[in-house]
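Peer 1: Residues per chain, in single letters:
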Amino acid sequence: MNYFIIGFYALLIGGSSLAAFYQKRTAFLLLFSVTLVSFVMGIVGGESALWAVTILAGIIAFSAGVSYSFREFLAIILPKESAKIMRTAPLTAAFGLFIIFTYAITGIFAPIIAPYGESEIISQAFEPANDEMLLGADQLGRDMFSRIVYGARNTVGLALIATFLAFFIGAIGGLLAASKGGKFDQVMSRIVDVVMSIPSLIFALLLLSIFGTNVVTLIIVMAIIYAPRVFRLARSVAGNIVVMDYIEAARLRGEGTWYIIRKEVLPNATAPLIAEFGLEFCFVFLLVAGLSFLGLGIQPPTADWGSMVRENATLISFGEITPLIPAGAIALLTVAVNFVVDWMLYRSSGLKE
Amino acid sequence: MTKEKKHEVLLDIQNLHIEGYSDEHWVEIVHGVDLKLHRGEVMGLIGESGAGKSTIGLAAMGFTRDGTRISEGSVDFDGMELTTTPKADLRSLRGARIAYVAQSAAASFNPAHRLIDQHTEAPVQYRIKKRLESQEDAMELYNRLRLPHPHEIGFRYPHQVSGGQLQRAMTAMAMSCRPDLIIFDEPTTALDVTTQIEVLSAIRDIVDEFNTAAIYITHDLAVVAQMADVIKVLLKGNEVEQADTRTMLENPKEEYTKSLWAVRDFKSAQKKRPANTLPLYSVENIDAAYGTVKVLEDVSFDIFAGMTVAVVGESGSGKSTTARCITGLLPPTSGHILFKGEEMPPRFQDRTKDQLRQAQMIYQMADTALNPKVKIKEIIGRPAQFYGGLRGAELKTRVDELLDLIELDPANYYNRYPTELSGGQKQRIGIARALAAEPTFIICDEITSALDQLVAEGILRLLDKLQDELDLAYMFITHDLATVRSIADEVVVMQNGKVIEQGPKDVMFTPPHHEYTDLLLSSVPEMDPDWLTTLLEERGVDDN
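Taken in order, these protein sequences are the chains called U and H. So for the first sequence, the working numbering puts the first residue at 64; every next one is plus one. So for the second sequence, the working numbering puts the first residue at 2; every next one is plus one.
Simulated from the structure, these hints should not be mistaken for laboratory data. Incorrect hints may have been included.
Claimed, not checked - When the alpha-carbon atoms are kept at most 20 Å apart in a straight line, the in silico SDA-like pairs for lysine to any residue are as follows: (1) U:326 with H:418; (2) H:466 with H:441; (3) H:376 with U:144; (4) H:88 with H:65; (5) H:354 with U:321; (6) H:374 with U:321; (7) H:378 with U:325; (8) H:237 with H:468; (9) H:374 with U:264; (10) H:374 with U:346; (11) H:272 with H:65; (12) H:374 with U:138; (13) U:143 with H:418; (14) H:374 with U:144; (15) U:243 with H:351.
Take these sequences, add in the hints, and give me the full structure.
Peer 2: And the structure:
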């Protein structure tokens, strides 16, 4: 028994007793279940398992702290109305915003942040991390850290453009279909059904192998695959709006379809559409990464997280975590975006102002 | 009706304070209300929306809606303090000893289960009765509530019976455990006058028979006069006064109560048709159908400039459909719409901008008639901009003018969103939007039925004033005959898509009437507490 183990348990048990004493139900349940879990883990895994628990708890506490401060920061600098919204946001949403913010900064200032160029060979292949290279080198001896930084720009940027395009096509189509109705709606909807009935990955592989892989084709293919989902959402959201009396009033006034869509329907449909944007962005992003992993996405030597996973995949059998870093970067962004989207969905559905 | 059953106190609410959560802090919405209810007594709670009627009614069950809480005071039900009773105990109380009848029976029944299965749920759950026993009891209750086919109706699904029947089935359901207290939350507000009578008399009899205490929440004074032994008037979470029904009706003490009582006095002078002029709009022999279902048959009437035509009838009589034909939303299958003697294209898409401008609409639900994401200045400004081509400063002056016209302060409302306004203010904005087009004719589709009486009266007075100033013609669609009395010049009575009777108001309101007109007229509740009893005797309804 060393001091660490004694201190570890003393802290947990003391904490849970205090929580129980002050009738903080959730805090007590949390602390005491951690105590029980670490009791089992301590027996099975020994001291190192307890360290793992401590570090994990530390990371969670740290991210909670960062999210909290970030939320307060936003609440202070934003104008009054958005500040009020920020203050009621859950910590997870603040965490998501913070991660997205970090990625955006990394992507925009990539050349300044990265110590080396994205295709610059500076050492031997698979060189381990040292003072010059934070995360070691990849299979050609390029700096892993620099490539991750550039990857933020390439992968995220591409996904963002593709999602915007998909939204532009899908949302306009869906709103038009809902407002016009009749044959136009039928034709559009059936086309969309056809596109949606083809599995997306296979469709993408097919199109990319026909038209070749360059960035422009990639973006267009992504947009074609994801626009139908946006179309369906926009159409169903707008479908509920176009039956309202104020739309009837506008029609009776003699307004054109375009005015009705722009001024009457769109302002009421933005909340669900923005939420959907976040979700679609994740899917597009994952598909880009997946295609790159298969070698059909962004082409070398351009740094891209998906292909980085593939290129360094062999290292995993040597017990190295290098290929997991770009994978982790993808996962973290996806989780972050979803946190924010959940919050927006909650706001748009439950709390109508 | 004998009122000598006041033995013991059943419900005793003292100094009740209720808070609601909004804008990140708790705001008090009920400020210390006392309420004492004896066994077998019916208390009427009346007040405008936002007076806290429903909130207090729910608090009598020890229940608060999400986002509200009882902050102070006590609710004593038959010796039990409901504010401190654990939730599980409260749950076994509700349904069994205290029951609740909601405003919209259609929304409160589960559409996926048969009526009788929902009826027997509570007694079986609380082990008061066996399922079969309870089913027999349900049929007995249906019979007492004068539902047709009491032995079969329970086996239907909610959508297979009419609104009035559903409301009675709901009352039967509330009775299933023979509770000591029933809370009726506006049970007849959504019903037609003719249906309302049936529900009212059914409720009154059954409450009387089982000596059940009841709290009857409503904003309709005439209804409460029929139902309640005692009336309590509420205003913004405070009690205004409480008295015996008769005392209250004959001799209200407070100013506010008097103003409530006086609402139905407003009457505009009846205008006569001008001689030798063409009618502004003529509806000639219109037939219309939704798909293959025929909804209008040979409807014709004329509307003259500066006059108000009220179209009355129950729901489903084709009032609103006629309006849709006139505006061109539903092209008639045969017949013509004439504007100053000229025929108009049946579809609104084919009409010219000027033809569209002439006829404007004001809707029943101001909530759905105003885009919640558009500012007031744009809502009102758009028609002026669209038809009149006004821009910039000119447009702003016009919007200010219109806001002045509907008696709202321009500086205050110019930049607000519809969600920030009250129901009456929203309806005023709806009127301003119609006026902005500078029309000659406005269709008002049940525009006051969603409003409190005081607010509704304000709207009617405003419309009357505007008619005089701008020489507008109104087509007033309504099922409320009090509204017709106050504002109409001519009346058209519709039933099942046909015009039953039409003529000037004074002629229409003096006998002899058409049979159906008579039924409609006599069904409008009056402030006299004996009205319902007398009426039922006259109609010869078996009252036991």
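Peer 1: Compare the structure with each hint and give your call.
Peer 2: Right, here's what the structure says about each hint:
1. For the hint pairing residue 326 (chain U) with residue 418 (chain H), the CA-to-CA distance comes to about 14 Å; that is within 20 Å, so the pair holds.
2. Proposed proximity of residue 466 (chain H) and residue 441 (chain H) is supported: the alpha carbons are some 15 Å apart, at most 20 Å.
3. As the CA atoms of residue 376 (chain H) and residue 144 (chain U) are separated by approximately 16 Å, the hinted pair is consistent with the 20 Å bound.
4. A hinted pair counts as satisfied when its Cα atoms are at most 20 Å apart, and residue 88 (chain H) with residue 65 (chain H) qualifies at roughly 12 Å.
5. Restraint check for residue 354 (chain H) and residue 321 (chain U): the C-alpha separation of about 17 Å stays at or below 20 Å, so the hint holds.
6. The straight-line distance between the Cα atoms of residue 374 (chain H) and residue 321 (chain U) is roughly 17 Å, inside the 20 Å bound, and the hint therefore holds.
7. With a C-alpha separation of about 17 Å, the suggested pair residue 378 (chain H) and residue 325 (chain U) falls inside the 20 Å cut-off, and the hint holds.
8. Among the hinted pairs, residue 237 (chain H) with residue 468 (chain H) is inconsistent with the structure: their alpha-carbon atoms are about 33 Å apart, more than 20 Å.
9. Between residue 374 (chain H) and residue 264 (chain U), the direct Cα distance comes to roughly 39 Å. Violation of the 20 Å bound is thereby established for this hinted pair.
10. Distance check on the hinted pair: residue 374 (chain H) and residue 346 (chain U) sit about 30 Å apart at the alpha-carbon level, beyond 20 Å; violated.
11. A C-alpha spacing of about 51 Å is found between residue 272 (chain H) and residue 65 (chain H), which places the hinted pair above 20 Å, so the restraint is violated.
12. Taken as a hint, the residue 374 (chain H) and residue 138 (chain U) pair is broken in the structure, with Cα atoms around 24 Å apart against an allowance of 20 Å.
13. For a cut-off of 20 Å, the pair hint linking residue 143 (chain U) to residue 418 (chain H) stands: about 17 Å separates their Cα positions.
14. Distance restraint check for residue 374 (chain H) and residue 144 (chain U): the Cα-Cα separation of roughly 16 Å lies within the 20 Å cut-off, and the hinted pair is therefore satisfied.
15. For the hint linking residue 243 (chain U) to residue 351 (chain H), the alpha-carbon distance of about 16 Å falls within 20 Å, and the restraint holds.
In terms of the numbered hints stated before, the structure departs from hints 8, 9, 10, 11, 12, listed from lowest to highest.
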